[in-house]
Every structure is written in structure tokens, then in C-alpha cells.
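Novice: Quick mapping for you: the protein sequence lines, in order, are chains A and U. Residues 1 to 154 (full-length UniProt numbering) are what the first sequence spells out, left to right. Residues 1 to 154 (full-length UniProt numbering) are what the second sequence spells out, left to right.
A few chain U residues that don't get close to chain A, going by computed Cβ distances all over 10 Å: (1) Ile18; (2) Gly59; (3) His75.
A partial selection of chain A residues facing chain U, derived with a Cβ cut-off under 7 Å: (4) Tyr40; (5) Ala42; (6) Cys99; (7) Ala102; (8) Val106.
I should point out that these hints are in silico values taken from the structure, not numbers from a laboratory. Just so you know, these numbers come straight off a predicted model, no measurement behind them. Virtual Cβ for every residue (Gly too), placed ideally from N, Cα, C.
Now for the letters of each chain:
There are 2 protein chains.
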Amino acid sequence: MKVLVGSPGTIGGLLLRISQFLFAAASIVVMITSSGFSNYTAFCYLIASMGLQVLWSIGLACLDIYALRIKRDLHSPVLVSLFVVGDWVTAILSLAAACSSAGVVVLFTRDVDFCETASYLNCKGYEISIALAFITWLLIAKSSLVMFWLLASM
Amino acid sequence: MKVLVGSPGTIGGLLLRISQFLFAAASIVVMITSSGFSNYTAFCYLIASMGLQVLWSIGLACLDIYALRIKRDLHSPVLVSLFVVGDWVTAILSLAAACSSAGVVVLFTRDVDFCETASYLNCKGYEISIALAFITWLLIAKSSLVMFWLLASM
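Model the full structure from these sequences, guided by the hints.
Specialist: Written out as C-alpha cells, the structure reads:
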């Protein structure tokens, strides 16, 4: 069994989960504090998707801490299959949420200049939140690929 | 070496590539024939992304036909690595394009009722094109997973 950077039950895996949790939580906080977000479905979906990501990452981080404390190996086929499904679902939902919100922000800023005319919209806040969601997606994509590689090489 | 459904150089792989080509081409045709699409960046990006998908899928389909005719095995590590990179790049771009366009269409139809007030927009056409793009993504995702599995199990 190869041990890749980001494998479950390792320090690298734990750091990856904590990073996912922090970036997803930051994305939610920035979006919630940006005025006018609740009128748009894409931004609400971004918050829901990042919320799911926060729950999944904090759960896996706790499992990593438990495995590191009692030195338990988390590389069983059943556990890795479970991680693969969870990571892939959250990764696809995160990318979908980030892209749909990015589509709306590009429409507002470039296509219809809505950000300049509607001053109550905090477009800068939306952009920062979406950038954080994309970083979260990169981190969960790394986890997903490591898990899939582990499963395929079992 | 396992031979999975959708492997390169097999009948299954060829059918998968032809399906990707057909759905991506259909998505482009429906979007181009929908009036008003060119004013929105997300819809133009969808056409560019589906165009790249068409080129990639038709190229791989030709390679599959060549391999089937001369009975050549396409499972070398170098070739599979190339297929993995190409499939993953096109899969991520397809999902990003479909989601960003879907975000804009949801904004038009649900959030601001722009489809009812602006009668020159063919919102039904946009929706069909995006649905076809999502089907294309499902097909390219299947190819990507098969290629990644093949590479990981080499």
C-alpha cells in the first residue's frame, strides 16, 4: 500500500482537511457578510455547498486525529470507498457552486454593469467568497484524487 | 491489465467518444441558434468549452478506430497518462461551463424574471443547451474515471 501525501490517518491528510474546513468557512462568512446575496439562488447554493464541505472536512479531520492518536490504519477498502464517495460528491458540488456563482458575478460585473448601478450589492465580497470557494475546491480535489488513487491501487 | 468498459482502443471506448462528440456538438448548435446568447460571457464560454470537447472527442474517436482496425493496444503508460490529462482538463472545463451557464439561467428565470420581460431571449434554448452540456460532462467524466483507474492500476 502506497502512502501518498494527503492519505487518511496521516499528518498531511489532517492538514488538508483543516485547510478545506478553514477556506470553506471563510467563504461562507464573507458571502453572508456581503449585502444583497440572499436575492440570488447561486450565492445561496454556494453557502449550502460550502456548509456541507465544512461538515465533511471537520468530520474527516476528527477521524484523522483519532487515527493518529491510537495509531490506527485507515487504509481498509471499505473506509477508503466511503472517503472516495464523500470526497467526490463534495468536490463536484463545490466546483458547481463556485462556477455558478462565478457565472453570475461575471454577468453582473462585465455583461450588464449591474455592480456599478446597484450600489447595495457588495460585488467585491462575492468575488472574494467565490475565490475562497475555488481554493476549497482545489484542496478537496487533491483529497479526491488521493483517495481514488488509493482505491484503484488496492 | 484490466479492460474496463470505455477503455481506449475498444468498441465501448469508441461509442463513448462518439456520444461525447454528438452531445457537445448538439449543445453548441442549440446555443448558437438561441437568440441573444452572444451578450453573455457564460454562454460564449459554454460554446468555447463544448468546441474544445468536440475536437478532443473526435480526435480520440479517430485514434480508437485506428487501434481497432490494426488491433493495436492503446494501454501504454505514456498514452494513458496523455488521455488522463486531456480527459480531466476537458471534464473540468465542461462542468465549469455548464454550471456557470446554469447559474445565469437560474438568475434569469427565477431570481429576476428576465426571461418573461425580455422576450428577445430564448431561455428555453439556453436550458436545452445546458442540459446537453451536462450530459456531455457525464460522458467525459466516465472516460476520465476509466483512464485514471487504468493509470492507477498500472
